[in-house]
Amino acid sequence: MSDTENIAIDVRDAVKRYGDFTALKKISLSIMDNEFFTLLGPSGCGKTTLLRMIAGFEAVTEGAIYLYGDEIENLPPNKRPVNTVFQNYALFPHMNILDNVAFGLEMRGTSKSDARKKAGEMLELVQLGQFSARKPSQLSGGQQQRVALARALAPQPKVLLLDEPLSALDLKLRKAMQLELKHLQRETGITFIFVTHDQEEALTMSDRIAVMSAGEMQQLGAPTDIYERPHNMFVADFIGETNLLEVSVDGIESGRATCHLGGGHELTCNAVEGIGLGSKVHMSIRPERLYMSDTPVESESLKGRIKENIFVGTDITTIVDLQDGPDFIVRTSNSDRGNKRIFEPGSEMYVNMELGAGRLLVD
Amino acid sequence: MAAGAASGGSATTDTYKEARTWLLLPAWVTLSILVLAPVIMMLIYSFLTKEFRGGVIWEFSLAAYDQFFFDRGLFGDDPPKIEWTYVTIFWRSIWQAGAATLLSLVIGFPTAYFIATRSENMRPVWVFLITIPYWVNLLIRTVSMKFLLRDQGPLNDFLMSIGLIDSPLHIVNTNFAVQLGLFYSYLPFMVLPIYAAVERYNFALSEAAADLYASKWTTLRRVLLPAIKPGVFAGCILVFVPSMGSFLAPDLLGGAKNFMIGSLIEEQFKGNAGNWPFGAAASMILLSMVLIILMFSARQQAKADKAGG
Numbered sequence: 001m002s003d004t005e006n007i008a009i010d011v012r013d014a015v016k017r018y019g020d021f022t023a024l025k026k027i028s029l030s031i032m033d034n035e036f037f038t039l040l041g042p043s044g045c046g047k048t049t050l051l052r053m054i055a056g057f058e059a060v061t062e063g064a065i066y067l068y069g070d071e072i073e074n075l076p077p078n079k080r081p082v083n084t085v086f087q088n089y090a091l092f093p094h095m096n097i098l099d100n101v102a103f104g105l106e107m108r109g110t111s112k113s114d115a116r117k118k119a120g121e122m123l124e125l126v127q128l129g130q131f132s133a134r135k136p137s138q139l140s141g142g143q144q145q146r147v148a149l150a151r152a153l154a155p156q157p158k159v160l161l162l163d164e165p166l167s168a169l170d171l172k173l174r175k176a177m178q179l180e181l182k183h184l185q186r187e188t189g190i191t192f193i194f195v196t197h198d199q200e201e202a203l204t205m206s207d208r209i210a211v212m213s214a215g216e217m218q219q220l221g222a223p224t225d226i227y228e229r230p231h232n233m234f235v236a237d238f239i240g241e242t243n244l245l246e247v248s249v250d251g252i253e254s255g256r257a258t259c260h261l262g263g264g265h266e267l268t269c270n271a272v273e274g275i276g277l278g279s280k281v282h283m284s285i286r287p288e289r290l291y292m293s294d295t296p297v298e299s300e301s302l303k304g305r306i307k308e309n310i311f312v313g314t315d316i317t318t319i320v321d322l323q324d325g326p327d328f329i330v331r332t333s334n335s336d337r338g339n340k341r342i343f344e345p346g347s348e349m350y351v352n353m354e355l356g357a358g359r360l361l362v363d
Numbered sequence: 001m002a003a004g005a006a007s008g009g010s011a012t013t014d015t016y017k018e019a020r021t022w023l024l025l026p027a028w029v030t031l032s033i034l035v036l037a038p039v040i041m042m043l044i045y046s047f048l049t050k051e052f053r054g055g056v057i058w059e060f061s062l063a064a065y066d067q068f069f070f071d072r073g074l075f076g077d078d079p080p081k082i083e084w085t086y087v088t089i090f091w092r093s094i095w096q097a098g099a100a101t102l103l104s105l106v107i108g109f110p111t112a113y114f115i116a117t118r119s120e121n122m123r124p125v126w127v128f129l130i131t132i133p134y135w136v137n138l139l140i141r142t143v144s145m146k147f148l149l150r151d152q153g154p155l156n157d158f159l160m161s162i163g164l165i166d167s168p169l170h171i172v173n174t175n176f177a178v179q180l181g182l183f184y185s186y187l188p189f190m191v192l193p194i195y196a197a198v199e200r201y202n203f204a205l206s207e208a209a210a211d212l213y214a215s216k217w218t219t220l221r222r223v224l225l226p227a228i229k230p231g232v233f234a235g236c237i238l239v240f241v242p243s244m245g246s247f248l249a250p251d252l253l254g255g256a257k258n259f260m261i262g263s264l265i266e267e268q269f270k271g272n273a274g275n276w277p278f279g280a281a282a283s284m285i286l287l288s289m290v291l292i293i294l295m296f297s298a299r300q301q302a303k304a305d306k307a308g309g
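As you go down the protein sequences, you meet chains A and B in turn. Take the first sequence: its letters are residues 1 to 363, numbered as in the UniProt record's numbering. Take the second sequence: its letters are residues 1 to 309, numbered as in the UniProt record's numbering.
Source of the hints: derived by calculation from the structure; they are not laboratory data. Glycine included, every Cβ here is placed at the ideal spot set by N, Cα and C. It cannot be assumed that every hint is accurate.
Result set (PhoX-like, lysine-lysine): computed pairs, CA atoms no more than 25 Å apart in a straight line [as the list claims (entries may be wrong)]: (1) A:135 <-> B:216; (2) B:303 <-> A:135; (3) B:216 <-> A:79; (4) A:135 <-> B:229; (5) A:135 <-> A:117; (6) A:280 <-> A:303; (7) B:270 <-> B:146.
Taking beta-carbon pairs under 8 Å as the criterion, some of the chain A residues facing chain B (in silico) [to be verified]: (8) 55; (9) 57; (10) 76; (11) 77; (12) 78; (13) 83; (14) 84; (15) 86; (16) 88; (17) 92; (18) 93; (19) 103; (20) 104; (21) 107; (22) 108; (23) 155.
Produce the entire structure from the sequences given, and follow the hints as far as they go.
What follows is the structure, encoded as structure tokens:
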């Protein structure tokens, strides 16, 4: 019983169809109280549709949505104690900033003077106190973003929904806002449901992430789970950079799978349930888990030749050509250059990894 | 443009300025011939002496304005009393035009909203359907309306056949009939500007209002209407101004008791019985009234905008 009380939003078998097109195929997920939860996926994957169904802007074709145990999928948006931060902010252009933030409070029956007082406090919280008399059009994008946030938080919603709120900001501002949002979530203790197509953003901010594609949930888990133990091709490819190798499983013994890469190369990794002997599947190896050396260092070493080194600021990306096998991408952090070697293009060397670095994927 | 003028002197600015003068010339000529000249002519005529068979004698006189505002008895030698006849007609015109505008707004706004919220390829179809009745001549439409509304007309027949009323409603020759006529004449002028404004409206604002616990009615009042106000304002002017000077609907549907300023002016220029300077004076007064009302509402609008900020 205590477990269900901790569930903020419970989506059960939710389906959304537009005519013949199915935007969401039977999604079920539980978002916990106090959680920073992210719906991540490429555009058209159904993440925004799901968020709008929770907000009440889209009807649920089948299934149910519960908010702290109350069924809400048939309530209109103005009867649901959740608030939304919209992608392009949707601030009321004819009202000043203070009235924008006070709007929700007023609608909930707070007197005008009290609503304005609380709105002023909210604006102080997002460091915009001195702008309260301005119109939205007189603020920068980042400031409008904060106003939208203050407006949505002012009525103290049980759950805050954020629909790609940072996508219109430039990189530097976006990074700053990511941290600020995370702090705000901790301070207020409100459950945040955050929609984004930016995997880095999702990894930075979330407690848990649901990766979605084509109206289905591909994987649900903490950022480290999703990054280090992707279930399938889609998740491995969508989250971060990775080496995706076609392999055939030649032997399985005591939880280890021996995989053939082609060109006589072999790698051993942890066996995965559902992938049997003889399967032709993909293996994912993150480029930062690889390092180069003159002689084979680990049991998992592959001989190759350097094609190219690419300097990308914090890292150096090296493209390695395995003879008769696939190309590898190896990433070496600049801070590691003391311990790890960089080779000149054309030189021969070995690519090494720990035993667990490779991960077999269900397709 | 201001920046260009300020920098001045350079060859390109001069060429640009010269080109602008010439390019604007057709517009200025058209405006002068079609707007300025008629108004000046009317102003001059209103200060001339009337000729009894219509037309004017070129002799300065204030008689037309005097007749509009003062009653000097049958032979014109009594001490002047204030003449209420024409002021009453004027007042009735404002009132009737206002009622017609309100009616157009009440019907036109939902219509415009409906059209603007259809799918993108259906919107032109709906706009087209709205304009179809207006391909028929206004006179024919107004006469038809009289037939529809009269005591033995289809409307009364229908209402009596379904038992809603026992005896015919007398609609023709009432103020209400005139309002209906004006409303029907100018409805598209209300629908189209509001439609254009609603089409540009960002519906995410309505979602944001609903998300912040506003009811549909509050969203309409506090968010949608303020956003499309310029369109509503334009629609009201486009209905109010021609309604005020209209004479077809008042003549055909209102009868003699419900005379409006348009009919009064029309009378002065028709046949041999007219009084051209008086008609011109009434037109000038109408023009000034409309300008005053427009300026007043524009100022109110500006004030409201500032107060909102």
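Tested hints:
| no. | hint | in the structure |
| --- | --- | --- |
| 1 | A:135 <-> B:216 | holds (24 Å) |
| 2 | B:303 <-> A:135 | holds (16 Å) |
| 3 | B:216 <-> A:79 | holds (12 Å) |
| 4 | A:135 <-> B:229 | holds (17 Å) |
| 5 | A:135 <-> A:117 | holds (18 Å) |
| 6 | A:280 <-> A:303 | holds (23 Å) |
| 7 | B:270 <-> B:146 | holds (23 Å) |
| 8 | 55 | holds (6 Å) |
| 9 | 57 | holds (6 Å) |
| 10 | 76 | holds (7 Å) |
| 11 | 77 | holds (4 Å) |
| 12 | 78 | holds (5 Å) |
| 13 | 83 | holds (6 Å) |
| 14 | 84 | holds (5 Å) |
| 15 | 86 | holds (6 Å) |
| 16 | 88 | holds (7 Å) |
| 17 | 92 | holds (6 Å) |
| 18 | 93 | holds (7 Å) |
| 19 | 103 | holds (5 Å) |
| 20 | 104 | holds (4 Å) |
| 21 | 107 | holds (4 Å) |
| 22 | 108 | holds (5 Å) |
| 23 | 155 | holds (7 Å) |
When the structure is compared with the earlier hints, no violation turns up for any of them.
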